[in-house]
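**Student:** Residue-level listing of the chains:
Number of protein chains: 2
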Amino acid sequence: MSAKKFSEDHRVVYYETDVTGSLGIGRLVDLMMLSSEDQSDKLGITNEKVGERGLGWVVTQHIINIKRLPKVDEIITLSTQAKSYNRFFCYRDFAVYDQAGNELVTMHSVFVLMDRSKRKMVRLPEDIITPYESEYTKKIERLPMPLTVENASGQKNYRVRFMDIDANHHVNNVHYFDWMLDALPAEFLLSHRLIKMNIAYRQEVYYGDQVNSAVEIDEDNLLTRHTIMTGEQQNCLAECEWAEIK
Amino acid sequence: MSAKKFSEDHRVVYYETDVTGSLGIGRLVDLMMLSSEDQSDKLGITNEKVGERGLGWVVTQHIINIKRLPKVDEIITLSTQAKSYNRFFCYRDFAVYDQAGNELVTMHSVFVLMDRSKRKMVRLPEDIITPYESEYTKKIERLPMPLTVENASGQKNYRVRFMDIDANHHVNNVHYFDWMLDALPAEFLLSHRLIKMNIAYRQEVYYGDQVNSAVEIDEDNLLTRHTIMTGEQQNCLAECEWAEIK
Numbered sequence: 001m002s003a004k005k006f007s008e009d010h011r012v013v014y015y016e017t018d019v020t021g022s023l024g025i026g027r028l029v030d031l032m033m034l035s036s037e038d039q040s041d042k043l044g045i046t047n048e049k050v051g052e053r054g055l056g057w058v059v060t061q062h063i064i065n066i067k068r069l070p071k072v073d074e075i076i077t078l079s080t081q082a083k084s085y086n087r088f089f090c091y092r093d094f095a096v097y098d099q100a101g102n103e104l105v106t107m108h109s110v111f112v113l114m115d116r117s118k119r120k121m122v123r124l125p126e127d128i129i130t131p132y133e134s135e136y137t138k139k140i141e142r143l144p145m146p147l148t149v150e151n152a153s154g155q156k157n158y159r160v161r162f163m164d165i166d167a168n169h170h171v172n173n174v175h176y177f178d179w180m181l182d183a184l185p186a187e188f189l190l191s192h193r194l195i196k197m198n199i200a201y202r203q204e205v206y207y208g209d210q211v212n213s214a215v216e217i218d219e220d221n222l223l224t225r226h227t228i229m230t231g232e233q234q235n236c237l238a239e240c241e242w243a244e245i246k
Numbered sequence: 001m002s003a004k005k006f007s008e009d010h011r012v013v014y015y016e017t018d019v020t021g022s023l024g025i026g027r028l029v030d031l032m033m034l035s036s037e038d039q040s041d042k043l044g045i046t047n048e049k050v051g052e053r054g055l056g057w058v059v060t061q062h063i064i065n066i067k068r069l070p071k072v073d074e075i076i077t078l079s080t081q082a083k084s085y086n087r088f089f090c091y092r093d094f095a096v097y098d099q100a101g102n103e104l105v106t107m108h109s110v111f112v113l114m115d116r117s118k119r120k121m122v123r124l125p126e127d128i129i130t131p132y133e134s135e136y137t138k139k140i141e142r143l144p145m146p147l148t149v150e151n152a153s154g155q156k157n158y159r160v161r162f163m164d165i166d167a168n169h170h171v172n173n174v175h176y177f178d179w180m181l182d183a184l185p186a187e188f189l190l191s192h193r194l195i196k197m198n199i200a201y202r203q204e205v206y207y208g209d210q211v212n213s214a215v216e217i218d219e220d221n222l223l224t225r226h227t228i229m230t231g232e233q234q235n236c237l238a239e240c241e242w243a244e245i246k
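If you read the sequences in order, they're chains Z and C.
Residue numbering for the first sequence follows the working numbering, starting at 1 and increasing by one per position.
Residue numbering for the second sequence follows the working numbering, starting at 1 and increasing by one per position.
Next comes chain Z alone, as it looks inside the complex (with noise of 0.2 angstroms):
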């Protein structure tokens, strides 16, 4: 038995885009999570039915590989399947497609369920797994864990303002991609693309806390480090590969 897949379109739009005119991470993230959300209101597994059970989806890591951003006003086709699952991890992959069927982007993500009132991960219930068709595994998947920022060359300072908040009463996805790369300098934003991000998230964010987006840049091998913190508390790392343009 393989897992359901479930697809759907997308066209990038002008605001969706940074000033290179192509779809900015954080929203691309946002768009496969929509594509996982509309999956499982297809399958009847909507939000409201699961937080009725004082139950929540919470995202632990998202491991990123980029060929190419979609750029404004192309169409995308977003596909998802919940592929595996053990007693307590979901994994899911994710695919974004060109019109021509090239493949740009994949995504593979690890949730869990949470335990709202408690603030605890629980044991997946059978009857909420059982629709995406994912294939039972033992295995705990050990993937790698971005490393910690040491050696700061930068850091900036934001506040989680009212409008971070989405719908599920969580900061929206694109306030930490932004916040994270926000503290790269421009010109390095301008000269390189990301083709590999791996983000862990450790501890949420709220609205009115201060965050600390520090970053360490590893110019012989074009990779950067980034730390997301409030005060003394990790809430989110993250690693990423870059490319030069040339």
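Check the hints yourself; a few may be wrong.
Quick list of in silico lysine-lysine cross-link-like pairs, BS3-like style, CA-CA up to 25 angstroms [stated by the list, open to error]:
id : chain 1 : residue 1 : chain 2 : residue 2
1  : C       : Lys71     : C       : Lys246
2  : C       : Lys246    : C       : Lys67
3  : Z       : Lys196    : Z       : Lys246
4  : Z       : Lys156    : C       : Lys156
5  : C       : Lys156    : Z       : Lys71
6  : Z       : Lys4      : Z       : Lys139
7  : C       : Lys83     : C       : Lys120
8  : C       : Lys71     : Z       : Lys49
9  : Z       : Lys71     : C       : Lys42
10 : C       : Lys118    : C       : Lys49
11 : C       : Lys42     : C       : Lys4
12 : Z       : Lys120    : Z       : Lys49
13 : C       : Lys71     : Z       : Lys42
14 : Z       : Lys49     : Z       : Lys5
15 : Z       : Lys83     : Z       : Lys246
To be clear, the hints were calculated from the coordinates, so they are not data collected in a lab.
The model shown is predicted, which means the values in this text are computed figures rather than measured ones.
Knowing the structure of chain Z, use the given hints to seat chain C on it.
**Tutor:** Just chain C now, kept in the frame of chain Z:
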């Protein structure tokens, strides 16, 4: 002759909403602006074509009336027409409808064409205007101007981020609205809904700029006034009318 109408549908998705589950006001304006871009593309008057002549459309004012903000997952119809024009100004009307045909939002906007190198308004070239079948009028509309903030009850500072600049090389609409409304207390935003907004743009904001968002609250009349400043420069001002959420 009456101006050509253009309509398109849009599904409101979670990342376009705020914590109340309604479409954010900045995103609402983005969507309406997108409908006017889409009409222009359809009529062959693309931004690229206008840009090749060294020109670019700039909005100087929006007057927005909101009966109800659409909710997450709602399908809305965006409708627009370039109603009338004189030598320098284009007046465009927008409306947003729900699936039952109820009018949720209207917006009246003023556009000018800028010479990009001289940063000066130009007379509207006939061939750029004709395809919209707008009505020519000698009259220059005297729209009410938002008053400036005199006694700020709150203010916050923001830095323009790399990702705030879109493919048009402008600070995206959503950020102006976020800067303005985020300066209000969360309790106010959660207990009131925006019913009218008059926003006037004076001077563009650029990457790296520090902007100050100041707000004055008139609790008796449920009015708020907002200014966005960079140093001594007034970049944008707005007046908002609110209704209490019972």
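**Student:** It remains to establish, for every hint, whether it holds in the given structure.
**Tutor:** Taking the hints in turn, this is what the structure says about them:
1. C:Lys71 with C:Lys246: 18 angstroms, holds
2. C:Lys246 with C:Lys67: Judged against 25 angstroms, a Cα distance of about 15 angstroms means the pair holds.
3. Z:Lys196 with Z:Lys246: Given that 25 angstroms is the threshold and the Cα spacing comes to 18 angstroms, the pair holds.
4. Z:Lys156 with C:Lys156: The given pair, whose Cα atoms are some 16 angstroms apart, holds under the 25 angstroms limit.
5. C:Lys156 with Z:Lys71: 34 angstroms, violated
6. Z:Lys4 with Z:Lys139: Measuring from Cα to Cα gives roughly 20 angstroms; hence the hint holds.
7. C:Lys83 with C:Lys120: 23 angstroms, holds
8. C:Lys71 with Z:Lys49: The given pair, whose Cα atoms are some 18 angstroms apart, holds under the 25 angstroms limit.
9. Z:Lys71 with C:Lys42: Holds: Lys71 (chain Z) and Lys42 (chain C) sit about 19 angstroms apart, inside 25 angstroms.
10. C:Lys118 with C:Lys49: 18 angstroms, holds
11. C:Lys42 with C:Lys4: 11 angstroms, holds
12. Z:Lys120 with Z:Lys49: 19 angstroms, holds
13. C:Lys71 with Z:Lys42: 19 angstroms, holds
14. Z:Lys49 with Z:Lys5: 21 angstroms, holds
15. Z:Lys83 with Z:Lys246: 37 angstroms, violated
The structure is inconsistent with the numbered hints 5 and 15, although it conforms to all the rest.
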